[in-house]
Amino acid sequence: MNKLIKLPLFLIITLSSSFLWAEKVQVHIVDRDEPLECFHEESQYFCHDGENFLFGRNYGMDLYLTGSVDGSVDDFRVSSAVSLDNPDHILFEEREDPYRDSYEQVNRRPSYSKELMSLTMLENMTAPFSYDSESIALAKSNLYPLVQNRLDQIKNKFNQSNRIVKTEEGNELSCSQGSASAGQDVNCTFYQCTEEGSDKKYFYISDPNIQFGVHELFSVGTDGLPQREAIQSIHFPNDDKSILERFNFVPSAGQGFGEYTGQGDFLSSEYSYQKPQIDYEQMIPDFDNPKKSDAFKYLIGVNGRGAMENAVRGCSERTTRDFFYSIDDLMENVLARNSVQYITDFNNGLAGYYLSLENLPDIACSENGVFYNPSSYETARNVAAADRNSVQTISMEKARELFDKAQAMDDIAWGYKPDGCYARAHLMARRFEEMGITVDKAWLKGSLRAQGETPEEDIMWNFHVAPVVYVEHDNGEIERVVIDPSVEEGPVTAMEWAKNLSSDVEERVNITQFPYPENSAEYLKNSLAFSNSDPYLPLESTESTEEQKMSMAHATMLEYKGYE
Amino acid sequence: MKRDRKSGVIIYIVIGMACLSSAHLWAADKKKAAGQVKKVQVVEKPMHVISFSWDATKNLYRVSMRAKAGVFWAEKKDMICLKEATKSNQSPAQIKYDVHTLKIKSCRN
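Respectively, the protein sequence lines represent chains A and B.
For what it's worth, the numbering used here labels the leading residue of the first sequence as 1, then goes sequentially.
For what it's worth, the numbering used here labels the leading residue of the second sequence as 1, then goes sequentially.
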């Protein structure tokens, strides 16, 4: 071959392979004197100690290694991982975790199988294997066939279409797999169960990722509402050992979806931040049966419904329809009847929540159906929107003019939509006020979606805010109209604006008092609220000054102009 | 003569590659003009994680941050860090994310 061709080819091959090489690292394991020599790439580690192959990866603040794949899998806690080429480069260093000891208590349920986790981790681990070494060649020739063989055997077992589920009350249920959805690459792991001599409907759900310990059993009572049942054991047909026992499922802090506790610890993270004056239990309505409360708790918890939907995503809609109908009944009908808005102190400011009516604090005052902590009422009144019947109004033409003026404000980052509505709203509001216009703010909370150029580019928000002006129509009717060039082509009524952003909840929008309920998304609602033009962010301290707010708004827009 | 033929082949290859590159650059310019190309821009900031929940459709965690309206997205590997960050009275987590997609690249407590 000509030298002129050989040289570029050599350069291309050399440069590409240099990107593929893994880094050599020294890994120290707790309670083991000798460090291990490992290969590291993309948070994945592969080690060979002469006898065993060990492999693992970083999960957040922890690094786990597990060893051997002959069925006897051990966990190793890593204390440090340091680059061999550059000892100053510390890839991982164990830090004090004040919650480590409490994980076992909190995670009562088996969360993942060590063996299945190790096997699937190794099956999917590719990065460090790009390195050319004897131990990696050995792993490829000896370990991979073993892993594949073992995994095939286990997957065949899990592919059986029936399960026997025993409830904690001693009922034995025979469960059959639902039909799979066309075009899905995962199995349907939703089962319909029957009990001999009973008409009661049961649904058993597991995770399609077999290494995770999601196992949930629900029954549907005569009122059509779901009840969460406690499981004693799950078996493959003709197997005395339960699945959890056979594959050694254990509780864990970090992996899988088994972190359901029923105790509201991990679940209530949104409410634990800086300790609001209500607790998680107050959001659960009283039901005639604790199993319904338990189902409700699971469904509004951080991972409950999401984990369940993940588990049934390979199933046909026909298979899961009855079950999800019962859930919708629980969420919509029961909540609509039983929940009220409660406003209380939070972080030197205010926060709103949906609470169960029967769990309201003993001392609460109410106005127009909204309940207040008495110490919060005055603060809430101070930020309330104007009464629309006693404000200075403008015409729709004037509102259009304001919209055009806002769109022309070139210090506002209109070209960057993922965040910053609060800064845009504040700047617009203050500038409209300088023109002598009465301005309030419309706030929307829940699951919000603004259309991007393609569906994949849709923008999701937790909340959104924009200035509101008061438009008087020819017939004397006064309407709240939103000026929001970030999502609209012109001025629109507040309800239109809210519905345009609420396609995820089928346009279900509730009008609430400011501050809106923080837990709106869990209740499958979007909440619209109005304040005067002073609040800058939700959950902010009332001690923030106007100067600070303007300074934050300008800084945010300056930063976001750079992202356009 | 033989040498000339080889040189000719090389010249054709070089011209071909140059044409391909210009076509590629032209297409990229056109996309950019249509606003379809967004530069990947990653920043790292201290942030307070308020809550996170699993999104089955995206196969990612949906994360709410204090003082941010946008929904951030995180992979399973960041779960422990996020969980730690939501504990009460914790200092903010160091979050590295893509400013256009709000996808979290890394999370450190």
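Warning: the hint list may mix true and false statements.
[Said to hold, decoys possible] In silico negatives: residues of chain A with every beta carbon more than 10 Å from chain B:
| hint | residue |
| --- | --- |
| 1 | Phe76 |
| 2 | Asn310 |
| 3 | Asp419 |
| 4 | Arg430 |
| 5 | Glu472 |
[Said to hold, decoys possible] With a straight-line Cα cutoff of 25 Å, these simulated SDA-like cross-link-like pairs (lysine to any residue) come out:
| hint | chain 1 | residue 1 | chain 2 | residue 2 |
| --- | --- | --- | --- | --- |
| 6 | A | Lys499 | B | Lys58 |
| 7 | B | Lys45 | A | Lys200 |
| 8 | B | Lys58 | A | Asp458 |
| 9 | A | Lys200 | A | Gly224 |
| 10 | B | Lys105 | A | Gly224 |
| 11 | B | Lys103 | A | Arg313 |
[Stated by the list, open to error] Stretch by stretch, here's where chain A covers chain B in the computed footprint (C-beta under 8 Å, at least three residues):
| hint | segment |
| --- | --- |
| 12 | 65-74 |
| 13 | 97-109 |
For the record, the hints were derived by calculation from the structure and aren't laboratory data.
Quick reminder that beta carbons are idealized off the backbone N, C-alpha and C, glycines included.
**Request:** Below or equal to 25 Å on CA atoms is what counts here, so check B:Lys58 against A:Asp458.
**Result:** Answer holds: B:Lys58 to A:Asp458 is near 13 Å, not above 25 Å.
**Asked** Are there three or more residues in the segment 97-109 of chain B whose C-beta lies closer than 8 Å to some C-beta of chain A?
**Response** holds (count 7)
**Prompt:** Does the alpha-carbon distance linking B:Lys45 and A:Lys200 stay inside the 25 Å limit?
**Reply:** 53 Å, violated
**Check on A:Asn310 being off the interface with chain B, judged by Cβ distance over 10 Å** = 4 Å, violated
**Asked** Taking the closest pair, is the beta carbon of A:Arg430 still more than 10 Å from chain B?
**Response** 19 Å, holds
**Request:** Count residues of the segment 65-74 of chain B with a Cβ under 8 Å from any Cβ of chain A, then say if the count reaches three.
**Result:** Contact hint for the segment 65-74 of chain B vs chain A: holds, 6 residues under 8 Å.
**Message:** Using Cβ atoms and 10 Å as the threshold, tell me whether A:Asp419 really stays out of contact range of chain B.
**Reply:** 4 Å, violated
**Asked** Quick one, are A:Lys499 and B:Lys58 close enough, alpha carbons at most 25 Å?
**Response** 23 Å, holds
**Item:** Check on A:Phe76 being off the interface with chain B, judged by Cβ distance over 10 Å
**Value:** Holds: least Cβ distance 17 Å, greater than 10 Å.
**Prompt:** Does the alpha-carbon distance linking B:Lys103 and A:Arg313 stay inside the 25 Å limit?
**Reply:** 23 Å, holds
**Message:** Confirm or reject: A:Glu472 is not an interface residue toward chain B, with every Cβ-Cβ distance exceeding 10 Å.
**Reply:** Holds: least Cβ distance 30 Å, greater than 10 Å.
**Request:** Take the C-alpha atoms of A:Lys200 and A:Gly224, compute the straight-line distance between them, and say whether it is at most 25 Å.
**Result:** Roughly 11 Å between the alpha carbons, so the hint for A:Lys200 and A:Gly224 holds.
Checked against the numbered hints above, the structure breaks hints 2, 3, 7, 10 and satisfies the rest.
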